[in-house]
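Number of protein chains: 6
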Amino acid sequence: MSLVESFNTYRSRMNDKILNSDSLILKRIFNLDTNAYTEGSLDVKSKELIGLTCSLVLRCDDCVKYHLGKCKEIGLSTSEVNEAMGVATLVGGTIVIPHLRRAFEYWEELQNV
Amino acid sequence: MSLVESFNTYRSRMNDKILNSDSLILKRIFNLDTNAYTEGSLDVKSKELIGLTCSLVLRCDDCVKYHLGKCKEIGLSTSEVNEAMGVATLVGGTIVIPHLRRAFEYWEELQNV
Amino acid sequence: MSLVESFNTYRSRMNDKILNSDSLILKRIFNLDTNAYTEGSLDVKSKELIGLTCSLVLRCDDCVKYHLGKCKEIGLSTSEVNEAMGVATLVGGTIVIPHLRRAFEYWEELQNV
Amino acid sequence: MSLVESFNTYRSRMNDKILNSDSLILKRIFNLDTNAYTEGSLDVKSKELIGLTCSLVLRCDDCVKYHLGKCKEIGLSTSEVNEAMGVATLVGGTIVIPHLRRAFEYWEELQNV
Amino acid sequence: MSLVESFNTYRSRMNDKILNSDSLILKRIFNLDTNAYTEGSLDVKSKELIGLTCSLVLRCDDCVKYHLGKCKEIGLSTSEVNEAMGVATLVGGTIVIPHLRRAFEYWEELQNV
Amino acid sequence: MSLVESFNTYRSRMNDKILNSDSLILKRIFNLDTNAYTEGSLDVKSKELIGLTCSLVLRCDDCVKYHLGKCKEIGLSTSEVNEAMGVATLVGGTIVIPHLRRAFEYWEELQNV
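Residue numbers (the numbering used here), protein chains in the order written: chain A, 1 to 113; chain B, 1 to 113; chain C, 1 to 113; chain D, 1 to 113; chain E, 1 to 113; chain F, 1 to 113.
The hints are simulated quantities; they were obtained by calculation from the structure and are not laboratory data.
Warning: the hint list may mix true and false statements.
Claimed, not checked - Here are the simulated SDA-like pairs of lysine to any residue, each with C-alpha atoms no more than 20 Å apart in a straight line:
1) A:K45 / D:K17
2) D:K17 / E:E109
3) A:K45 / D:G75
4) A:K17 / B:E108
5) A:K45 / D:V44
6) E:K45 / E:D33
7) F:K70 / F:V113
8) D:K45 / D:D33
9) B:K27 / E:D62
10) E:K45 / F:D43
11) A:K72 / F:L32
12) A:K45 / D:S41
13) A:K17 / B:N112
14) F:K70 / F:N20
15) F:K27 / D:F30
Using the sequences plus the hints, can you model the full thing?
Written out as structure tokens, the structure is:
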């Protein structure tokens, strides 16, 4: 199974379990999360770039993968994604680089999906 | 080997190596860590909930696993654990969600141990 | 003006501005935040200890102050609060100590309010 | 002196000292930082939104102030800035809220400069 | 009162309160902290550089101030301190820069004590 | 393949991809990173100890591995490395311990390369 497929499968399976649990707080956070990235005062592209770079500086590989998937879906180019990740790496420091490696690998796989 | 078993095996093996090393600081930190979660002004349950949620907001999967194991051992219910993790996710943000997925998976496995 | 009074005044004034802004996401996060610390599967005391210690390991002075105020309000003792902060300092490291100093100062002032 | 003025004055004064020091690494980081936010594959607006939100999730008040100043300069609206900060608060959690308060205060002052 | 004096005064006063509290965990952490920076396999200079740079990447102004004070005391030169802080800024990213400004200011004041 | 070999292989492969991309910011960060650890006002040993401990408190396993590899290369002893990691664990808290386990495992493997 590719990186993309295994990420999506695990994510869906566990999100279902979380949403089927009795935790009201978690359900509301998930609901809020779904709505937050839709078009508002900012367009979807700006919001996904925010989601991607915040995930990268906070060094959350799975969050980066999720937003890379969305960036691909909405048609962001490799140059745009790389430049955004460049700014994030500058802000977050060289400590971000290992996460950048995994992001590059995942983005490459996304081109073949 | 289950997630629980492989976590515990690796943890024990490496803790032994650390404690058999020549590092006095590390030995004292480990000793302090063992004592900190015993009953004092707060009961063990309150302390484990603190350990679990601090681990979750700091996004340390292994620390979360360890405290989930203790929460199970001392008889915390799924509702209690989920609510604690809900508060932690609110405090720490959606960046905590991937760690929450792994926490739900591990808690599920703990029920079958 | 005391630390407690100036913290509360500024917090209320700015929260009003945030809630009177046009940001739907922020309004929903604030609403969720208010509800999360009410009694559920866990009692209010456990939740405030979680709020306090998560704030301390994440090193957010204002969040610590807010939860110390709530801990005082619901009748937690100095020993309970100190022990919770001791566990948090162990989890978060000596980097937490400067925040602990400010927490001790604020807790002391809270006794005189 | 206003918040804006005192921030800018201190920042300029200390940046001069850093750049006049003998540290080659620091000079190169500062130089890179200046260039990173100019138009490239992404426009300046997208980059400033990235700078602002990454600063907010990493909870750096001074970095937030700097990017709010730039956002004002390039003509971002209050709605756009608030929505970006809403997404960042969701990603980073309620721990971001105290920084959001200071960001709202600073943005308000920027309107009067 | 200078930055150095006010930092030291507040630090001593609050450390006394913490050590006079009933928290055994905190007392042991403070004791461990005092011992950790004495000469062992590494000399004091190496340990203070570690303390300084770890404090800087974790963005704790008070911890940075404390270690700058020690670096001055044991005779580290401005070039050595600046180079160490340069590496830390590279590792931790531009988000470290505001803390660097305050570190430069404090180091300058330390020269006049 | 050993931990050391698989780390180095993946790191080299992905670094090549990043450097062959069109991102000027990333290229400049990588270039700066290479130069920062060479001898200057501080010797290479001091700089590698800084790199190692900053990586550990920021809890970046891959960064820790990289600097452990360099520490081995330049002849640091196990006692020196362990003591540095002890100080870092004290600064960063027990949350660092899972990363310490993986660091001990990797250091052990490095002795057999």
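Here is how each hint holds up against the structure:
Using a Cα cut-off of 20 Å, the hinted pair K45 (chain A) and K17 (chain D) is violated, with the two alpha carbons roughly 39 Å apart. Using a Cα cut-off of 20 Å, the hinted pair K17 (chain D) and E109 (chain E) holds, with the two alpha carbons roughly 13 Å apart. For the hint pairing K45 (chain A) with G75 (chain D), the CA-to-CA distance comes to about 19 Å; that is within 20 Å, so the pair holds. Annotation: proposed proximity of K17 (chain A) to E108 (chain B) holds, straight-line Cα distance about 10 Å (limit 20 Å).
Straight-line distance between C-alpha atoms of K45 (chain A) and V44 (chain D) comes to about 14 Å, which keeps the hinted pair within the 20 Å bound. Note on K45 (chain E) and D33 (chain E): the hinted pairing holds, with a Cα-Cα distance of about 16 Å set against a maximum of 20 Å. Between K70 (chain F) and V113 (chain F) the alpha-carbon distance is near 13 Å, which keeps this suggested pair within the 20 Å criterion. Restraint check for K45 (chain D) and D33 (chain D): the C-alpha separation of about 16 Å stays at or below 20 Å, so the hint holds.
Distance restraint check for K27 (chain B) and D62 (chain E): the Cα-Cα separation of roughly 27 Å exceeds the 20 Å cut-off, and the hinted pair is therefore not satisfied. Taken as a hint, the K45 (chain E) and D43 (chain F) pair is honoured in the structure, with Cα atoms around 12 Å apart against an allowance of 20 Å. With a C-alpha separation of about 30 Å, the suggested pairing of K72 (chain A) with L32 (chain F) is violated against the 20 Å cut-off. Taking the CA atoms of K45 (chain A) and S41 (chain D), the gap is near 13 Å; set against the 20 Å cutoff, the hint holds.
Simply put, K17 (chain A) and N112 (chain B) have alpha-carbon atoms about 17 Å apart, close enough for the 20 Å limit, and the pair holds. Annotation: proposed proximity of K70 (chain F) to N20 (chain F) is violated, straight-line Cα distance about 24 Å (limit 20 Å). Between K27 (chain F) and F30 (chain D) the alpha-carbon distance is near 16 Å, which keeps this suggested pair within the 20 Å criterion.
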